[in-house]
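Between the sequences and the hints, there should be enough to build the whole structure, so can you do that?
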Amino acid sequence: MLCARALWKRSLSRTYASFPLTQHFPEKGDRVVLGMSGGIDSSVSAKILAAQDYDLSAVFMRNWDTRDEYGNSDKGCEWEKDWEDVQKVCKVYDIPCQMIDLSKEYWNRVFEPSLRMWEDGITPNPDVWCNREIKFGALLEHLPHSNPEKPPWLATGHYARKDWSSSRPRLLRAADTAKDQSYYLSSITQTGLARALFPIGGLTKPEVRRIADDGGMPPSVLERPESMGICFIGEKKRTDFKDFISSYITPSPGPVKMLSTGKTLSEHNGLWSFTIGEKIRLRGMPEKMYVAQKDIPTNTIFVAPGRDPSLFCITVRVRDFAWIWPDSPPTGLDQGIQLSAQIRHRMRPVRCTVKTRHESQELDITFDEPLKGVALGQVSALWDGDWCLGCGVITNAE
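Under the working numbering, think of the first position of the sequence shown as 15, with each following residue one higher.
Derived from the structure by calculation, the hints contain no laboratory data.
For clarity, every value in this text was computed on a predicted model and none was experimentally measured.
Calculated cross-link-like contacts (lysine-lysine; reagent style DSSO-like; alpha-carbon spacing at most 27 Å):
1. Lys277 x Lys386
2. Lys95 x Lys256
3. Lys42 x Lys102
4. Lys386 x Lys302
5. Lys256 x Lys277
In structure tokens:
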């Protein structure tokens, strides 16, 4: 009698053998570890990989424990429920799974640095650095390497693709451009990318949903809403986010002023509580106001109407740009080259000219069109067509 795993492989291989898995997948028998969250995307990745002849296992990362704050598990990301769903999926496809506690690494490598940036009044993107430092950093470090010359492959449910050029891995946009997550992966190292697998990167979201609906998937996974929140606090409103961060940052009240007149309109609890481009509610104003500037020395937030030129910028300066190929950045940067950029997830890519600043090795990125709401601390990632080259932190916008 065939075991459950063998039966699933026979069934799945017939159904999914023609999937466009064109990304240097492992060889038969290679060890593959799938990072799972309990959501549709990583669960479908499990279903696809279970049809292959890999030494497949799954891992659930506990990056944040809400019981540390509240003494119970009813708030935040509800990781216990996520872990239960991961175990249900793995039971269906006969995949061994384990939970790894990376909350300490997440705190030290992602959350604390982000807190320092918020305290300074700038806007970090923790999810970008989580992929570099945790998923393709600490997690890989924790996986046992029985064969040092052949480390395990790490698969995730990201919407992204990978190919190879001159024996080097390239991070590419997903087939479904509306779901593309290469921005979040733009800080990944070449070493991490080389062992990465993105099973659903060549599929669209409707295709992923159809695979999930095609029998076997636990109802609790099928009924889960799509997660879009910051990984350590989950899907929350902006007001909930402010309440959450305020428990870690000492309030630092200051004035909210009209940029054009300098008139004081209100008071804020800290520069971290608003980001550039955010709408701010002010009583008695005849039109909507948006955060235009933050003056850190005076702890002042300046606001302006939505079409005010101060809300737009044409050039940003980026420091510590992390090229995925660190020893081989694009040629021509001294004179300036044409690429495309994003400063946030799901924004439309914008054509730009990228040039090195000789005195500091920072990059100046000049957009072909003005961008609204560019905040210091945000991550600017660069692409050559669909090829993601890396990212850096915005230190100046004008």
